[in-house]
Structure formats: C-alpha cells, structure tokens
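J.: Go by the hints and put chain B onto chain Y.
2 protein chains.
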Amino acid sequence: MAFELYYWNGIQGRGEFVRLALEEAGAVYIDVTRESGPGRGTGAMMRLMRSSSESHIPFAPPLLKDGELIISHVANILFYLGPKLNLAPKDEGLRYVLNGLQLTITDFVAEVHDTHHPIATSLYYEDQKEEAKARSAEFIRERVPKFLGYFERVLQQNPKGAKHILGDALTYADLSLFQIIEGLNYAFPKAMDGYEEKYPALSALHDAVAARPNIAGYLKSERRIPFNEDGIFRYYPELDRAA
Amino acid sequence: MAFELYYWNGIQGRGEFVRLALEEAGAVYIDVTRESGPGRGTGAMMRLMRSSSESHIPFAPPLLKDGELIISHVANILFYLGPKLNLAPKDEGLRYVLNGLQLTITDFVAEVHDTHHPIATSLYYEDQKEEAKARSAEFIRERVPKFLGYFERVLQQNPKGAKHILGDALTYADLSLFQIIEGLNYAFPKAMDGYEEKYPALSALHDAVAARPNIAGYLKSERRIPFNEDGIFRYYPELDRAA
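Chains as they are written, first to last, in our numbering: chain Y, 1 to 243; chain B, 1 to 243.
Here chain Y stands alone, though its shape is the one from the complex:
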C-alpha cells in the first residue's frame, strides 16, 4: 500500500524533508492534499486532525499514514521510514545517532521559522517586522555559523569520510541537509554568499545530493513546489545581510 503524506498544500515547509526521502527512494506515495477525490485534498487532512473518534490525534502536519498507523513530526516520520527506504544505518544504535542529527536539523528549522515570526505564529509578518529584523540579525551572526559549523565538523570528523553525515552511505539526514542549504540560499542569499569556502564538506554534500538522479528528476518536476513566502524559508530582503 502506498504511503500517504499529509501536509499543507502549496508550500515545501516541513513536509519537504519527508518528500525528499520518499523521492530519493523512488517510493510510491500519495501527497494527499495536492490531489482531489474521495479521501484527498486539504479537507481530508483537516477531518483527520479534527476527528473525535481517532485515538492517536496528531498535533500538526506533516503526518505519514502507513496503513492504520499515523505518524507525526518530521524526525519521527524519517526515523520510521529510514530502514524501509534504505536511508538509515543497519546498526540500531546508529539509528539513534542519526535521529539525534535529524532533531538538530528540526531545531534549526524552527529557528529559521522564527526569523520571520519571532513574536507569534498567529500574527502576520508585517506586524512583527522590527522584531524579525533583530532576530534575523542574531540568526545570521550567531545561529547560522553555530549550526552549519556543527554539521561541517560532524562531516569532517566522520571516520568513514566527509561525504556523508553518518557512516559511508546516504541517509535521510544527508537529504535534509541539502534542503537546509537550498532553503538558506533562497532566504538569505547575502548571508550565504561564499558559504562554500566556509563549509566545504557541507557544500560538497549539497551538490552531491542535487546530482543524484532521483533527486535531480524530482527538483525538475512539478512535484517540487517552488520556495515562496508562505513556507519556512522566506525571502524578505530586509531580513538578509552579509554574514
């Protein structure tokens, strides 16, 4: 049976980290809110979220439905899918190490979101623009180097070589790191200018993922939603500045 991915229609957002894993593996999946018909569309997702009979209600999308099982949160979905898609180590202990890396990516993504929404998700960006400028300045000055520097160091210290974030084979966290770099390049082009020299292993990983046949095919397809200002990574020129 095909995996069912439920996520907000019209944005890459957090769902994109799951899509990249499914696409790389060539898995059969239904991007539920982007299709129409019975059990499809955003209405189907909202019915699932609001169900008063479902015993395992998720807090927020993305969700993965595999048969009767509903799994929420990106890192959790990837932890579940990893072995099935051959994107996780065979060693069980190392799967927790991989999950730790993915959860650091999760934290970074939440900080990216808060650059444009530092006060409240419920308010418009325009209503918190000054605070967004202050938070983005700190983000570029402190947080980007801290997170990217960390991932660069993990790559460099990988005893199996700097081509992968863990071990000697592709994992879902490599795909997520590609997406992090793509998103930062979109949202903060000035801040990211010259990142290839500062983070050579991360830059090489990004390029290697982009060149993988299934990923390259996906990125050119209509299934890849373009970045836009409703997603996590948003390009607001007033928030971007040279690092």
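Hints are computed from structural coordinates only; laboratory data are not their basis.
The reader is advised that the hints may include incorrect statements.
Copies of one chain are not kept apart here, so a pair can be met inside one copy or by any two copies together.
[Said to hold, decoys possible] Quick list of in silico lysine-lysine cross-link-like pairs, DSSO-like style, CA-CA up to 30 angstroms:
| hint | residue 1 | residue 2 |
| --- | --- | --- |
| 1 | LYS160 | LYS65 |
| 2 | LYS90 | LYS160 |
| 3 | LYS198 | LYS84 |
| 4 | LYS190 | LYS163 |
| 5 | LYS65 | LYS146 |
| 6 | LYS133 | LYS146 |
T.: For chain B alone, coordinates are given in the frame of chain Y:
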C-alpha cells in the same frame, strides 16, 4: 553499567524530562556534571562536546551515554530508554505514536524558552524584555490553550481511558506532561490559575504522577533541583498575566 546523563549543572532544564523517567524506573544513573572526580563534572561534558576524535558529536546537552553509545535530544533519549525502563508500549507502531507526542512536548518546551528569549539566546533576558512581554502575551493567549487543549483532547479520546496519554499504562510522555504542568505553574501562576477546571484529565494526570512513590521520593530529594531563573521555566512576574 549505569547510564550517564550529561546536562548543564544547576538547572532542571531539558535534562529533567530524562531524570523523571530514570527516577520513576529506579534506574541506576550518574548525573555526570553534578558529581566530581575523574570523568565527572561540567569539564567532562565539555570535553565530550568539543572532542575532535569522537565520531558522533552531539550539538547540545542533554546527552545520554550508554556504554559507547552517545544519544542526544530529549525525545531521542526517551525513545531509546522507553522500552528499557518499561515506560513505552510493547507494540512498535505505538512507540512512534508515543514519540510523536513527546516531540509535540519538545516543541512546546522550545516555545516556553522563547517567551523569555524571543530575539536571541545569546542576549540577556533584560535586553529583550519588551519583546518577551509581547511573546509571552501571545503565548498565554494562543499557545498554552492550543497545546494543553491538545493534550487534554488526546487524554479524553484515549480509548483505554483518560488516565494516560497513550494506552493503559504509564509512559515517559505522562511523566513529561507532569513536568510541563509543574513548570507552567511555576512560571505563569496567574495564567495557570484555574487550569484544573479547563483541563481536568491533564490535571488528574499531573496529580497521579506526583503521587507515584518513586516520583514523590525524587521530588522531595536533593536530586530534584528547584526551578530557577536560569532554566527553561522562569518566573518573571512581568511576563505572567491571567489567561
């Protein structure tokens, strides 16, 4: 061999969610930074974090060391410990459901942190006090009801009864929800006034966890660090207001 927990000395913080699970289970563990001697103390944690030879470097505490395996992030540590401490369901699918609940708690904890640090973790609270007031107001108005309302609903819709967040037995997420309520009561007493009527199942769960012998003993012990203004849950009267 005893589990080794590494976390910042002097605060409950994120480490407390792990401590509660270890304490409830009566597990043997070393709270590394709170002890002295070889391989103990904050220095030992910093050496591990900064190691240039370690192949699996964590981004931030808390960390759990089990033999040679180093696991980072609260939800990941609890996912790993759950079956070992008999605080997770036997069914593997349900363990992912439990992890999803724990990751929602993780997100909520990050939002609690940002009530006093909305602009930058690297700046003092005093340097972002006005923004903290704005964020806390939204937090009390929008986010507390959203998160607590969600957990109340999950409890109420549990087909095995409202005593536990998942299934019919205690899990680590029940312990974490106790800590969430404890922390909110400490940090936002005005906002939480009367919460028992709004969230009866959550309130009953909190009280039931507090009464468990191992937890009750732990809370009275010196191992339980008091809440303070260096942790995640901080009491700043100017951020608190009636809901």
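J.: For each hint, tell me whether it holds in the structure or not.
T.: Outcome of the hint check:
1. LYS160 with LYS65: between (34 angstroms within a copy, 22 angstroms between copies)
2. LYS90 with LYS160: within (15 angstroms within a copy, 35 angstroms between copies)
3. LYS198 with LYS84: Neither, since 35 angstroms and 42 angstroms both go past 30 angstroms.
4. LYS190 with LYS163: within (26 angstroms within a copy, 52 angstroms between copies)
5. LYS65 with LYS146: between (35 angstroms within a copy, 23 angstroms between copies)
6. LYS133 with LYS146: Cα proximity of LYS133 and LYS146: in one copy and across copies (19 angstroms, 27 angstroms).
Checked against the numbered hints listed earlier, the structure breaks hint 3 alone; every other hint is satisfied.
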